[in-house]
Structures are given as C-alpha cells and as structure tokens.
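Trainee: Those protein sequence lines, which keep their order, are chains A and B.
Numbering (the working numbering) for the first sequence: 3 to 318.
Numbering (the working numbering) for the second sequence: 257 to 508.
Where hints are given, some of them may not hold.
[Claimed, not checked] So the derived list for chain A, only partly shown, Cβ under 7 angstroms to chain B, looks like this:
(1) D65
(2) Y79
(3) A80
(4) H99
(5) D106
(6) R109
(7) M111
(8) R116
[Unchecked claim] Mimicking DSBU-like on lysine-lysine, the simulated pairs with C-alpha atoms at most 35 angstroms apart in a straight line are:
(9) A/K96 <-> A/K28
(10) B/K504 <-> A/K28
(11) A/K96 <-> B/K504
No lab work stands behind these hints, which were simulated from the structure alone.
Just so it is clear, the structure is predicted and the values come from calculations on it, not from any experiment.
Where a beta carbon is used, it is the ideal one built from N, C-alpha and C, also for glycine.
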Amino acid sequence: MPSAPPTPSFTGMIRLRHLTKRYGDKTAVDGLSLELEAGAVTGFLGPNGAGKSTTMRLILGLDAPTSGSALVKGVPYAELERPLRTVGALLDAKAVHPGRSGRDHLRAMALSQRIPLRRVEEVLETTGMAAAARRRAGTYSLGMSQRLGIAGALLGDPEILMLDEPVNGLDPDGVRWIRTLLRSLARQGRTVFVSSHLMSEMEQMADRLVVLGRGRLVADAAMADLLAGTGTAVRGPALQPLADAFDSAEWSGPDELSVAGVAPEEVGARAHELGVLLHGLAPVEPSLEESYMKLTEQSVEYAADRTGRAEEGGTT
Amino acid sequence: MSAASTRRPLRGATTGPAVLAELHKLATVRSTWWFTGGAAAAMLAIALLASDDGDPATALAVPIATQAVSNFVQFILGALGIVGVTGEFASRSITVTFACTPSRTRVMVAKALVVGGAVFAAGFAVAALGVGVAAVRFDEAAGIGAAEAADVAAMGLYLALLAMLGLGLGTLVRRTAGALAILVVLLVMVPELLGFAARKFGLAWLETAADYTPAPAGWQLMSGRWEYALVLLAWGGGAVAAGAWALKVRDV
Chain A
3 MPSAPPTPSF
13 TGMIRLRHLT
23 KRYGDKTAVD
33 GLSLELEAGA
43 VTGFLGPNGA
53 GKSTTMRLIL
63 GLDAPTSGSA
73 LVKGVPYAEL
83 ERPLRTVGAL
93 LDAKAVHPGR
103 SGRDHLRAMA
113 LSQRIPLRRV
123 EEVLETTGMA
133 AAARRRAGTY
143 SLGMSQRLGI
153 AGALLGDPEI
163 LMLDEPVNGL
173 DPDGVRWIRT
183 LLRSLARQGR
193 TVFVSSHLMS
203 EMEQMADRLV
213 VLGRGRLVAD
223 AAMADLLAGT
233 GTAVRGPALQ
243 PLADAFDSAE
253 WSGPDELSVA
263 GVAPEEVGAR
273 AHELGVLLHG
283 LAPVEPSLEE
293 SYMKLTEQSV
303 EYAADRTGRA
313 EEGGTT
Chain B
257 MSAASTRRPL
267 RGATTGPAVL
277 AELHKLATVR
287 STWWFTGGAA
297 AAMLAIALLA
307 SDDGDPATAL
317 AVPIATQAVS
327 NFVQFILGAL
337 GIVGVTGEFA
347 SRSITVTFAC
357 TPSRTRVMVA
367 KALVVGGAVF
377 AAGFAVAALG
387 VGVAAVRFDE
397 AAGIGAAEAA
407 DVAAMGLYLA
417 LLAMLGLGLG
427 TLVRRTAGAL
437 AILVVLLVMV
447 PELLGFAARK
457 FGLAWLETAA
467 DYTPAPAGWQ
477 LMSGRWEYAL
487 VLLAWGGGAV
497 AAGAWALKVR
507 DV
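Hey, can you work out the whole structure from these sequences and the hints?
Mentor: Structure below.
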C-alpha cells in the first residue's frame, strides 16, 4: 500500500523526546519518544483517554510538557514564523466561535499568517464548504465543522498535517474523501499525522501505526508488516491430500481448508501437483482486530521490559 | 524551507498580522455590534430623559453624557473588552488563535490594541452622540466647541482603558460571568467600601486609595484632569500584562 514518496523526504519532521505531561497526579503522556517522517500517513491509535490529543496539544505548544520536548522541523512550534505554513492542525472541530461564519473564521486565520484571502475560497472549495461558508459556525453539523477544521488545516499549504479524529461525525462519503485526501497529501511528500480510536479507520489510510495506551508508546509498526503474514483459504470436494501437505492447514469447514502463512500461489501450485480439484482459492488477511491484539500483546511485553530497565536505570 | 527561515526573525515583524486577525475577529461577531448598539441606546436614552433641574445658566450636555458613561456605558463597553477574550475561551477557539500566533505576548498585545482602539472609537462616537443630543435638547448646540470635543475624547479614552482592564480580567479569569463580576465590584463596590472604611476608622489614606480605583479616576479624567489617564493606563496596562503572564504560565 505505501507508495514511494516522490519528493526527497525530510527526516524527523516532528520529533518527540521523552515527552511527558502530568495534570496533577494523572499522567496523560508518559515518556513518549517518536519521530514522524515525511511522505507517509502515520496513524495515531489508542483508546479514548490514551493521551493522543494531549500529545498533539503539546506539539502545538498549547500545553507545556512536564518534561521532554516536542520539536517541529527541529524547533519548538512557538518558534515557527507563520506556523500555519508549516503545520496545519485540526484538534477540535467545534473550537470555532459559534457566532462567526466559517469564511470569517478562516479569514482571521489567513490574516494572521499573511496568507492571501483567495486561499480561503480555495480551501472552502476543496472541503466542500463553499456553500455553507456564510453561515454562522454554530449552525454547522459535526461533519461540517470537521470539514471547516480541515479547511483551516490546509489553509497554509503546510508540509505537516496533524488531525485529531478527523472522521468523527463524517458520513461514509466524507470518510472516503478524507482518506483519499490524506493519502494524496502524503504522496506529495507531506507528513500526515492522524489520530483515531478506531483501528478500522486506519487500515486504508495509514502507512504506519503508532499505538498509544495510557500515555505510553504501545506499538510502532509499518502497516505493511501488520497486514503481512497472510494465509490462503481453499475450497474443494476432496482436499485431504492438501491438508496433509501443509503443516499449518486447518479445516474450516467440511470442504474448506485454511492454510496459514502460505501464499495462494504456493497452495495453488501444490494443489496442481497433487491433482486436487479446487473450487476456490483466496488469500486470507488477518483481521485488523487480530493485528491490533498482536501489536498490543507485543507491546505489553515491551512496556514491561522498558519499565524493568527504567527501574534499573532510574530514568524513563 | 530551511530551518533558518522558519525561525522568527524579528519580534515586531509579525504583530501586524495578529492585529489584523484580531480586528477581523472583533468585527465578525454580533456581540461587538450589540454591545456598541446597547451603549449608544443607553447614552441616547439618558440624553433624552435627563431632566433640567439645575441652575439654568449651567451647561448640561457634557455632565449628562459623563453621567451616562459612569452609570451605564462603562459596564457595557467594559464587557466588550471581557468578551473579546472570554468568548474565545468559551468556544475553545483560543486554541486556533494560539496555533496561528504562538506568542502569548503577541496575541495579548494585538488584542489590547484592537480592543483599546475599537472601544476608543465606539466610546468617542457614543459620547459625541450623547453630548450632541443633550446639547440640542437644552439649546446649547451653539456653545459646543473644542473644550467639549476634548471632554468627549476623555470619555472615549476612559472607556478604552476600561475595556483593556476588562480584557486583562477576562484573560485571567477566562469566564465572562466571573470577569464581569470582578469588574463591577472593582468599579462600584471597592471605592464605596474604601470610602466607608476611611470614614469609619478615620484613615485618610484609604480615601486617597479610593480615588485611584478605576471609576473615581475615570470621573476625574472626564472632568478634565488628564493626569488621571495615567492611573487608568496603569490599571488597563497592568491587567493586560497580568493576562499575558497568565497565558504564558498556564496551559490553554
């Protein structure tokens, strides 16, 4: 799924080092280290309350980290000149003054960055908000607010896009639109960082998955690796010879066999050799749910290992 | 874009766009126009309803307008300053403001300039309306000149500095109701209580302190004692500086 980025990649567009944020005695983000690269969509996954939004707020400098650092292109966000030209962020779609029109909301943003006002019309057009632009933002549905928020993120034509749960409230068309948009932005060489609490949303969107749980990095893996390790399902009236040929073969029905970890080509070739008649031959991808479980399983060990080391080393 | 070009070159270089953005935001919410209209309506009502029961030889237009500013207009335009920031906290759009302009000081300076400038203009216009209408009503129009224009400017200045005080309080408290309550207490109750305590305990310095609270200082300013503008500037500027400090040390 990941296509080669056509433009030279900047490494470390966003770099988090031992980023930690505590509110009172509650630790929202716990020693998070992460590097985001250009030309890819990085999915930021985790249950509600895992610290995804807080991480994004720390990157934008809205909250100050308790310790550690978050750098954008090597500098703190606050040191970016006209930051919207570098980072386009959507943290909270409803964070718009309800009495102001969508267009005026974007115009104020544009004025603050010396972005020409015709760019506002462009992003309204791109996000399908042109018709509603004159209405007061308080009258928008959640889906419209999300589109306005994405318009705001695109306004500065930024190298980095950071979106917190952008598909919330969107209809299926809107979800597909976001997916296509984010993929095309990444193909242009931009860094796309998008959070969700739903694994299924990430499948067709992300090149890489970063999983957060209780403020800690739980897993970090390429989507291609997650979806690898496919097996093959075969159907036929007399599959016993095939079942004997593969150790990993398991009956999934009276005339159905699933062969884990073996590609359909190989199973097909073997069936041909053995003269087994097939009615069906199809690849089996592990469900994302399974991958997710596998990921988090690994990470529990990883986290335990880290904690162990931390206790020895005295630092996290 | 190289790392060097993304670094901030000059501090002053980008306050201009922040000011433009704040001005656009102020002009594109209805509350701004409701507050301004309300201030004008209150002024107009006083100018039309005030009765002529004093010495017929005394000019009335400016005192009537001053009275209207002290009794009504100051609360309305002070609230405009408060809502200029608490409205953003209430809608959480303050996060967008800081994403656009990360420097808290720069945002605060831009807001103070815009609120101060806009309320000066609105206050000047409202005061001029009151003086004008009262002057026509009491047949004083012929006597309106530079002195009255200066009085009107003093009212505008007082209201502008008061709105900055409101802005600072709003930034500190982050909620409209809380900031408004503090402003009303500061304008009405604090000088009363200080005066009361001064008489009760015979402490003259408390009386003096009362004179330096915003409302009595404003009364002095509107009575032509321009040095009291400095007292109000200290209140307004101090509140704005405290607001900027609070923004720096607190999470959004």
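Trainee: Does each hint hold? Answer for all of them.
Mentor: We went through each hint and held it up to the structure:
The restraint placing A/D65 at the interface with chain B holds, with a minimum CB-CB distance near 4 angstroms, inside the 7 angstroms limit. Look at A/Y79: its Cβ gets to within about 6 angstroms of chain B, closer than 7 angstroms, so that hint holds up. The closest approach between the C-beta of A/A80 and any C-beta of chain B is roughly 4 angstroms, which is under the 7 angstroms cut-off, so the hint is satisfied. Residue-level restraint check for A/H99 holds (minimum Cβ-Cβ distance to chain B is 5 angstroms; threshold 7 angstroms).
Because the smallest distance between the Cβ of A/D106 and any Cβ of chain B comes to about 4 angstroms, under 7 angstroms, the interface hint for this residue holds. At a threshold of 7 angstroms, the smallest CB-CB gap from A/R109 to chain B is about 6 angstroms, leaving the interface hint in force. Contact between A/M111 and chain B, as hinted, is supported at the beta carbon level, the nearest pair being about 5 angstroms apart and thus within 7 angstroms. Because the closest C-beta pair between A/R116 and chain B is about 5 angstroms apart, less than 7 angstroms, the hint holds.
In summary, the hint linking A/K96 to A/K28 is supported, as the alpha carbons are separated by about 26 angstroms, within the 35 angstroms threshold. Proximity of B/K504 to A/K28 is assessed by CA-CA distance (about 22 angstroms); at most 35 angstroms being required, the pair is judged to hold. Distance restraint check for A/K96 and B/K504: the Cα-Cα separation of roughly 24 angstroms lies within the 35 angstroms cut-off, and the hinted pair is therefore satisfied.
In this structure, every one of the numbered hints holds.
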